[in-house]
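*Asks:* Next come the chains, spelled out residue by residue.
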Amino acid sequence: GAGVSQTPSNKVTEKGKYVELRCDPISGHTALYWYRQSLGQGPEFLIYFQGTGAADDSGLPNDRFFAVRPEGSVSTLKIQRTERGDSAVYLCASSSPRLGGRDTQYFGPGTRLTVL
Amino acid sequence: AQSVTQPDIHITVSEGASLELRCNYSYGATPYLFWYVQSPGQGLQLLLKYFSGDTLVQGIKGFEAEFKRSQSSFNLRKPSVHWSDAAEYFCAVGANAGPAIGYALNFGKGTSLLVTP
Chain A
23 GAGVSQTPSN
33 KVTEKGKYVE
43 LRCDPISGHT
53 ALYWYRQSLG
63 QGPEFLIYFQ
73 GTGAADDSGL
83 PNDRFFAVRP
93 EGSVSTLKIQ
103 RTERGDSAVY
113 LCASSSPRLG
123 GRDTQYFGPG
133 TRLTVL
Chain B
442 AQSVTQPDIH
452 ITVSEGASLE
462 LRCNYSYGAT
472 PYLFWYVQSP
482 GQGLQLLLKY
492 FSGDTLVQGI
502 KGFEAEFKRS
512 QSSFNLRKPS
522 VHWSDAAEYF
532 CAVGANAGPA
542 IGYALNFGKG
552 TSLLVTP
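If you're matching them up, the sequences are chains A and B in order. Under the numbering used here, the residue at position 22 of the first sequence is numbered 44, and the numbers go up by one with no gaps. Under the numbering used here, the residue at position 98 of the second sequence is numbered 539, and the numbers go up by one with no gaps.
Treat the hints as calculated values from the structure; they're not laboratory data. All figures in this text were calculated on a predicted structure; none of them were measured in a lab. Please note that the accuracy of each hint is not assured.
Computed cross-link-like contacts, DSBU-like style, restricted to lysine-lysine with a CA-CA straight-line distance of at most 35 Å [to be verified]:
id, chain 1, residue 1, chain 2, residue 2
1, B, K509, B, K550
2, A, K100, B, K490
3, B, K509, A, K33
4, A, K100, A, K39
5, B, K550, A, K33
6, A, K37, B, K502
7, B, K490, B, K502
8, B, K550, B, K502
9, A, K39, B, K550
10, B, K502, A, K33
11, A, K33, A, K100
Construct the complete structure from the given sequences, taking the supplied hints into account.
*Replies:* Below, the structure written as structure tokens:
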């Protein structure tokens with residue numbers, strides 16, 4: 023079946039602009055995660071959804087970052103007043119968790135965001 | 442604080458040689474452990490995972506990893522490396538905190554593997 027898809031694959035914007043990044047999880051996966059990967063670093067957790075609600079948003083760096091998942095499937099990561107430091111690859115993952123964990127997160131190809 | 446350390450930033454091995462990539466973690470309890478691989482321009486692909494049970498875990502592409510609780514390590518190994526194994530390798534740790542389902546992964550900074558002819 024189809025994997026996690028993310029659009030756009032690349033996004034170039036100017037400092038101060040607003041951007042939206044979209045993630046389509048694997049069908050039937052109830053958990054959805056956003057990570058950010060800066061150049062030369064490992065992915066860094068941003069936020070995790072279980073269904074429509076954000077179960078853990080402790081990784082969002084500041085209030086310019088916001089994410090939604092209104093119908094429990096597709097998610098949008100929104101970044102306001104972008105800064106050059108926001109430039110990174112934004113990764114989305116989904117999983118089908120069970121009580122006690124032991125689920126695997128499957129990652130999409132990412133959206134490369136460049137803020138000029 | 443919880444942390445994941447991959448001590449080697451770059452590793453170069455000859456094709457056909459054996460490989461070991463190191464991963465150490467600092468967590469309060471037994472974590473869930475993962476190795477992912479990332480090729481240029483590609484997403485993260487899961488190589489293998491450990492949740493509990495047998496401490497030697499087999500994965501895809503001929504990789505294996507061993508969980509050593511006493512050393513807080515989860516090193517990745519392959520007996521004979523192929524040129525196509527050249528990529529970035531990430532160790533990741535997750536911890537289920539109890540009734541909640543799902544959890545954030547904490548990644549190391551990665552090890553870049555170069556394979557020479």
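*Asks:* Confirm or reject each hint.
*Replies:* Evaluated hints:
Between B:K509 and B:K550, the direct Cα distance comes to roughly 20 Å. Compliance with the 35 Å bound is thereby established for this hinted pair. Our distance criterion of 35 Å between C-alpha atoms is met by A:K100 and B:K490, whose separation comes to about 31 Å. About 42 Å separates the Cα atoms of B:K509 and A:K33, which puts this hinted pair outside 35 Å; it is violated. For the hint pairing A:K100 with A:K39, the CA-to-CA distance comes to about 11 Å; that is within 35 Å, so the pair holds.
Of the supplied pair hints, the one linking B:K550 and A:K33 holds, its CA atoms being roughly 24 Å apart against a limit of 35 Å. A hinted pair counts as satisfied when its Cα atoms are at most 35 Å apart, and A:K37 with B:K502 does not qualify at roughly 42 Å. Taking the CA atoms of B:K490 and B:K502, the gap is near 14 Å; set against the 35 Å cutoff, the hint holds. Restraint check for B:K550 and B:K502: the C-alpha separation of about 22 Å stays at or below 35 Å, so the hint holds.
Restraint check for A:K39 and B:K550: satisfied, since their Cα atoms lie roughly 29 Å apart, inside the 35 Å limit. For a cut-off of 35 Å, the pair hint linking B:K502 to A:K33 stands: about 33 Å separates their Cα positions. Between A:K33 and A:K100, the direct Cα distance comes to roughly 13 Å. Compliance with the 35 Å bound is thereby established for this hinted pair.
In terms of the numbered hints stated before, the structure departs from hints 3, 6, listed from lowest to highest.
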